[in-house]
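Since the structure of chain S is already known, use the hints to place chain A on it.
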Amino acid sequence: MVSEEYGFFIDPQRCIGCRSCVAACAECGTHRGHSMIHLDELDRSASTQTGPTVCMHCEDPVCAMSCPADAIKRTEDGVVHASQKPRCVACGNCEMSCPFGVPLVLPGLEQMLKCDLCYDRSSVGLKPMCATVCPSQALLFAPRHEVAAMRGSRPLREFQVGELLVRTRNAVMVPDPETPLHLDAALLLDGGF
Amino acid sequence: MNPLSRLELEPRPLARAALATLALGGLVALGNGGGRWLDPALLGYLIASLFACFGVAYRYFTWLERPATAMYWRWTLRTFLSVRGLRALPRVGLKLLDQLFLQRFIGKRSIKRWGAHACLAWGCLLAFSVTFPLVFGWVRFTSDGANADRYQAWLFGMPAGSFPLGSATAFIAFHILDLAALMVIAGCVLAFLRRSTDEGDAATQRFDLDILPLLLLIAVSATGLLLTASETWLQGRNFGTLAFLHELTVILLLLFLPFGKLFHIVQRPAQAGVSLYKAEGDAQGLLPCRTCATPFIRPNHRRDLERLWLELGLDGARHPGGIHHLDLCPRCRRRLVMGAQSLRLHGAFDPFAEVPLPVEPLADPISFRS
Numbered sequence: 006m007v008s009e010e011y012g013f014f015i016d017p018q019r020c021i022g023c024r025s026c027v028a029a030c031a032e033c034g035t036h037r038g039h040s041m042i043h044l045d046e047l048d049r050s051a052s053t054q055t056g057p058t059v060c061m062h063c064e065d066p067v068c069a070m071s072c073p074a075d076a077i078k079r080t081e082d083g084v085v086h087a088s089q090k091p092r093c094v095a096c097g098n099c100e101m102s103c104p105f106g107v108p109l110v111l112p113g114l115e116q117m118l119k120c121d122l123c124y125d126r127s128s129v130g131l132k133p134m135c136a137t138v139c140p141s142q143a144l145l146f147a148p149r150h151e152v153a154a155m156r157g158s159r160p161l162r163e164f165q166v167g168e169l170l171v172r173t174r175n176a177v178m179v180p181d182p183e184t185p186l187h188l189d190a191a192l193l194l195d196g197g198f
Numbered sequence: 132m133n134p135l136s137r138l139e140l141e142p143r144p145l146a147r148a149a150l151a152t153l154a155l156g157g158l159v160a161l162g163n164g165g166g167r168w169l170d171p172a173l174l175g176y177l178i179a180s181l182f183a184c185f186g187v188a189y190r191y192f193t194w195l196e197r198p199a200t201a202m203y204w205r206w207t208l209r210t211f212l213s214v215r216g217l218r219a220l221p222r223v224g225l226k227l228l229d230q231l232f233l234q235r236f237i238g239k240r241s242i243k244r245w246g247a248h249a250c251l252a253w254g255c256l257l258a259f260s261v262t263f264p265l266v267f268g269w270v271r272f273t274s275d276g277a278n279a280d281r282y283q284a285w286l287f288g289m290p291a292g293s294f295p296l297g298s299a300t301a302f303i304a305f306h307i308l309d310l311a312a313l314m315v316i317a318g319c320v321l322a323f324l325r326r327s328t329d330e331g332d333a334a335t336q337r338f339d340l341d342i343l344p345l346l347l348l349i350a351v352s353a354t355g356l357l358l359t360a361s362e363t364w365l366q367g368r369n370f371g372t373l374a375f376l377h378e379l380t381v382i383l384l385l386l387f388l389p390f391g392k393l394f395h396i397v398q399r400p401a402q403a404g405v406s407l408y409k410a411e412g413d414a415q416g417l418l419p420c421r422t423c424a425t426p427f428i429r430p431n432h433r434r435d436l437e438r439l440w441l442e443l444g445l446d447g448a449r450h451p452g453g454i455h456h457l458d459l460c461p462r463c464r465r466r467l468v469m470g471a472q473s474l475r476l477h478g479a480f481d482p483f484a485e486v487p488l489p490v491e492p493l494a495d496p497i498s499f500r501s
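The listed protein sequences correspond, in order, to chains S and A.
The numbering used here runs 5 ahead of the 1-based position in the first sequence.
The numbering used here runs 131 ahead of the 1-based position in the second sequence.
Below are the EDC-like pairs computed for lysine to aspartate or glutamate, each with C-alpha atoms no more than 20 Å apart in a straight line:
{"hint": "1", "chain 1": "S", "residue 1": "K78", "chain 2": "A", "residue 2": "E196"}
{"hint": "2", "chain 1": "S", "residue 1": "K90", "chain 2": "A", "residue 2": "D339"}
{"hint": "3", "chain 1": "A", "residue 1": "K409", "chain 2": "A", "residue 2": "D435"}
It is worth saying that the hints were derived from the structure and are not from the lab.
Source: prediction; values computed, not measured.
Chain A on its own, in the form it takes in the complex:
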């Protein structure tokens, strides 16, 4: 069967993704003077970027359709517009800065992981922030009129400063992508080293989810660096072939964005909403467990989770006495299993009941390998 015939696309996310792509196309055209400042050599990148935009937007809007995600989206908007939410914004902004840029929470998992992720994240963000404006024609460089020794930078068709060839500014402008490539390669190497020695990763990693993105990033970075090497040290030897290979790897990476692990780049900022939502709940104080009276859940969380359960078809989770399962703290939920088992064993719960010991010898003595 043709796989495309089984392709089922959700109509609402499809329409929204199409709109997002049209919007990006409009902004691109607006920023590059209706195509006047577009670099024809980068046309392939532009088409791939628009496809990537459609794919990422489609996945993002499909993700927002999930009941739990949709509900969090609504909660966040509501919180954002509330007085409490607005008051919490500065604190949440600082936390977001920490989580998205410094990423210290990854360092608490492991310093090696943080090192790899920091190189990858900052390298990728740096590369994206340079590449996309160039590809869209929003930023371009030309010779400064009759003065061939100076370069003129343009931003949205307006002059944005000039600099002499051979200056530090020129070096940074023309090699910033090389720096990003080196950072990404360093991050990939660190990630591969960690993955090759970490037993947990070895057991749970998948080629398509965890390895392929790293290989793609290395391919893009290496071919990009080879372009510089060809131009700087090899008198432009094989430049055309290398440029084609680089374009091919970048297009593959862009088309892979919606499907793989790299999608978390656009998904992760959702953490801002969570921080805001938690801040609003904390301001209200925690609600107590209905059985042990220990405070454990934020009031907004309790209210909204019940609505979510209703939407998920879990609305029957009320105990015979009318207590909702969400009103029990995690510890009491665990104690319930113990108590219910005891009830089955003894007919009634008896905390003084003797523990039935095994009458036969243990079938499998303690061993570390089975």
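Extracted from the complex, chain S is given alone in its bound form:
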């Protein structure tokens, strides 16, 4: 079980694009050589901004709801696991349904893989691999009460997609966490990145 006291905090603005997290992710015991972290560029021609994406571990995971094989399980500690090998039929429903674009159905393996907070580590009190190696702490795994003292921004765990409200275990750091983070496609169309 991952301690409820510990949270995972993502701050894309701190990301320097070093890809340490991408390399480290593959080293975890549950990932078995497959990196499940995404490191995206906003728009290389306009910005140096990069951002890491790990699973947000939703309270009501849309990936699990959309899974026809009932292969995706959320444990009591709020961690949403990769699909169970015997059940997953690699249909890709989870990949296309995730609000945050996280799961990966790897070709050939016939299984969906995703971030599970490096469960072999986090369940025994160690940090996930990405948070262990991130030099700028854009990915931070720490006791929740310590984060307020470490950062000017605050953790936000609610995301709004149209009328759909998604609550998560992991948090994104923002200055004003009182209202959900609105994910509006207009930002991608008008922002120009």
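Same frame as chain S, but now just chain A:
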């Protein structure tokens, strides 16, 4: 509180499971001449098989009631009956053969895993294909009339060849379950070895889901092999006790089928539908992302996922501009989080904004153990 009082059974799957069990019972009776060719020594196995059939069917039909599963079931049927689907059948059939029998996709995960799974899967399938026809009375062996040196095989009450005792055919016929048992034990040992050294498995495995099925399979196989050992080398010593133990372990395994990991044996062929469905979508070409124009989703998948979301109560996932979230590719969904955070930090999205660096020293320097 009595746990049975809290047992809530879904009426539709219950009725379907009852029908499936009745159907199996009917086929059993039909195949064994109304009980004439039934081996009374195998009656316990037969009753457990019917219970297992009911349990597996109930779970299967309950599984089909889930919105996502029901929808995939309908999609598959529709695709199967379409012209495109029929055209794709040979290719999908070959893929299914690869996935269900050769299981090469497991080899891509790990050779050790493939080795263990191949021994377990082929051993179990071999054992099931021999045991169930014997238990149902569909297949039986008798002495060949007055010739006690020959055995006669019967299939559904009709003669299906005879063979002399001591021949290679007789050896294979009487020891094929021993071969299956050895394969299953080898698979279990390989699985235990892998599970004892794999950090990922150690963190996520559960006794009831991952260990208990292996223990049950070993118990069934070992008691089965002991029966042969007793008969072959120990002049039948303790045969009765061993036969009882073997029957007990097999009944436990059969009753466990609907609840545990072994249920995937009946669930897994659903992959055929997925392959067919994907083949149909591929033939139509991928739809582009509404923001970056990268092709990413099959048209049938896009259409049906929206229907599924509607059924799941996720129909409000439309952006203020009218774009459905399903029309954004996974990469753009990830970029949205970055952009939205930037918007919060700077008031407007500014790709040239300075990245706020930590002003205080890092609270926890890089360490591999915390």
